[in-house]
Amino acid sequence: MPQATPAKRNPVGKNIDELDTACLVNRNSCTENSELTLANNKGHNAPHQATGDQDDEVLCCEGLSKRYGDFDALIDCSVRIARGDIFGLLGPNGAGKTTLIRLLLGYLHPTGGQCKVLGIDPVADSVEVRRQVTYLPGDARLPRHLRGDGVLRFFAEMHPLGDLHRSREVAEILELNTKTRVAFMSTGMRQKLALAVVLGPQTPLLILDEPTANLDPTVRAEVLRLVIEARDSGRTVMLSSHVLSEIEDICNRVAFLRHGRLAHELQMSDLFQRHRMTATTVGESIMVPDALADQVVVRTTPSKTGRTRVQIDTAGDLGPILTWIDSLCLTHIRFEPFGLRTVYDAVHDGQSFLGAKKTLPDRVSDEVSS
Amino acid sequence: MMNRVLLKKYIGQSSLLFFSCGLALFAFSWIRVWVVSLIDMGQFQTIVEQFREFEKFAPIEFDSLFTYPGRVGMTFDEPIVILCIVIWCVARGSDVISGELGRGTLEMVLSQPVSRTQLLVSHAAVSILGLALLCLLVWAGVGAGVYATTVEETLPPPTVRIPIVGIDLPLSVDDPQTQTLPLRDRVDVRVFAASTFHLFAFGFFVLGLATLFSSTDRYRWRTVGSTVAFYILQMVMFGLGKAAESLEYLLYITFFSCYKPQKMSSIVASEGLAAPWSLTHVYSNIWLPPMVYPLILIGLGVVCFSLATVCFNKRDLPAPL
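These protein sequence lines are chains A and B, in that order.
If you read the first sequence in UniProt numbering, its first letter stands for residue 1, the second for the next number, and so on.
If you read the second sequence in UniProt numbering, its first letter stands for residue 1, the second for the next number, and so on.
Be aware that one or more of the hints could be misleading.
Said to hold, decoys possible - Covered stretches of chain B, going by a simulated chain A footprint (3 or more residues, C-beta under 8 Å):
1. 91-105
2. 108-119
3. 311-319
Stated by the list, open to error - Quick list of the computed label-pair ranges, beta carbon to beta carbon:
4. B/S284 with A/R144: 48 to 56 Å
5. B/E78 with A/D163: 51 to 59 Å
6. A/D125 with B/Y252: 43 to 51 Å
7. B/L133 with A/T187: 34 to 42 Å
8. B/D316 with A/L322: 50 to 58 Å
9. B/V236 with A/H109: 35 to 43 Å
10. B/K8 with A/H348: 43 to 51 Å
11. B/V236 with A/D70: 37 to 45 Å
12. A/D125 with B/R103: 23 to 31 Å
By construction, these hints were calculated from the structure, which means they are not laboratory data.
Even for Gly, the Cβ is constructed at its ideal location relative to N, Cα and C.
Excised from the complex, chain A in its bound form (with noise of 0.2 Å):
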């Protein structure tokens, strides 16, 4: 009997479970939904008005395409993210995430697809785009010419809802010496300001790429602090790391990519829901009851010493698997938590793991078929 998922709850109280659902019945919305909001957005400066359901997307991404030549950087990606998601990007080097994120903010035309960001087409309007966003490169170059404290205040100028006074507090949370000439700066240093510049402002959206990249393990600390803080006032973020355990401790949900296709989706409260179990038995076939059987998957691996070696993935409550297995006679039973890393190498290596949620044209493509 396959184990009820309890409601997962984003962190502003949004059944997340719904509103995906609520995105796969309306395939369209988000073409008619962009509509809505960008007539809300459409005086300046005029902060983001919720008007149903639908305008609690933030961003969505439909068959998103980018090709160049023969070679295609990303390929049929359909993203959502919800407002108020601290929404992780994960894929080896090269997987096409920076790709998303410029197609995202107009720096890139998309070759197939569309996309919606706060109901905003970057392609028609990516100036509004970026009047609602405020973005972190994964190389952030700030004018050398200038010193830290000239930095924050030409962007804090340049965007209309630049705050200096907030990135310099962001700045000397982050003990960053503003007096310095960014020529003279450190890699570290000159990350510390480019996250000072983007935490500035407070646009609904904040899309940052590697920005903890390059930073002591302190402010690295003081960085996911800063993004929880964003996310707590209301805002949504979006951030692609190669530090599973950042994405682990603050992301709600996480796409992985991989040779530019959206390879998998996960809520996080799905993962931490989730086991492996390795352990040793006597040669004998393990069976699954009929119970259990959309909860666990048991890889068994014959070993010199004529003992078989047993995996066991579990996923939901662990009270009537641990029943099934305490009837097993297996010996050197070892349980650990189904990490992040576990399931970054299984996509990476793609593979099939258990409660794999199936990307989102998957998932529709099933509900059309049935």
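Got chain A sorted already, so can you dock chain B onto it with the hints?
Coordinates of chain B only, in the frame set by chain A:
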């Protein structure tokens, strides 16, 4: 169309180059006029006459070299003046997109709510204003030189003409008398207004061309290379067009044919101050009305800027390397 903060940024970025080029142009123009006062071209007349067949390579008739306005006007064809203007135009034009892309700073600037057109127009506005000021500094340098320099002229001795033979005989055998007078008595600085405008038009085209190359590239060194290569190619075409009659058609396809600052000085000398600004009247030794030439350069520059805007808006912006 323009962004105040970007304007401020570009002014700050270009100020060092502007002051360097401006100082060089002003000082050189001044000194160039002063040097004019030191050399008595009359002494070189015989030598110059021997090179009459090469007159076609010169930007003006040799006769102009023996007049003060003609010699002062040569300032606008001096390699140093052209070099400084070209340096400004290529440096600023190549900076706008490929320069910022190369430095990686375009990413952060364009993450702000500014359109690509706004960025390009703001940059172009600062560069064009800088170019105009540099051209005015050349004129100001010439003006300062003209007002600060005195020239010594030899007074022709009184003569008597022998009838029938028609020979002038001097009435005195003493050393010729000289008089010192300010150069401004011989040269009207307003003569060079049209030449200054030609210099601006020349720079405007080069600036537009560099901006166009910059908008399609991601490496500044390649933009600079392409612009300089085009410039040299056009210059060679201009030289060949003048050298061989069979290659005269090359003169029609090089922008150097439209740069005629000294011709403008000559026209002013013969036709008056308003003559170079005519859009209808064709004067001797030029194919078109004088004002058409700089307007062709400015028109080509506008086309380059427009194409640059289209290219920049249509292109994908790569991530910094």
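Notebook entry, point to check: Hint by hint, which ones does the structure fall short of?
Noted result: none
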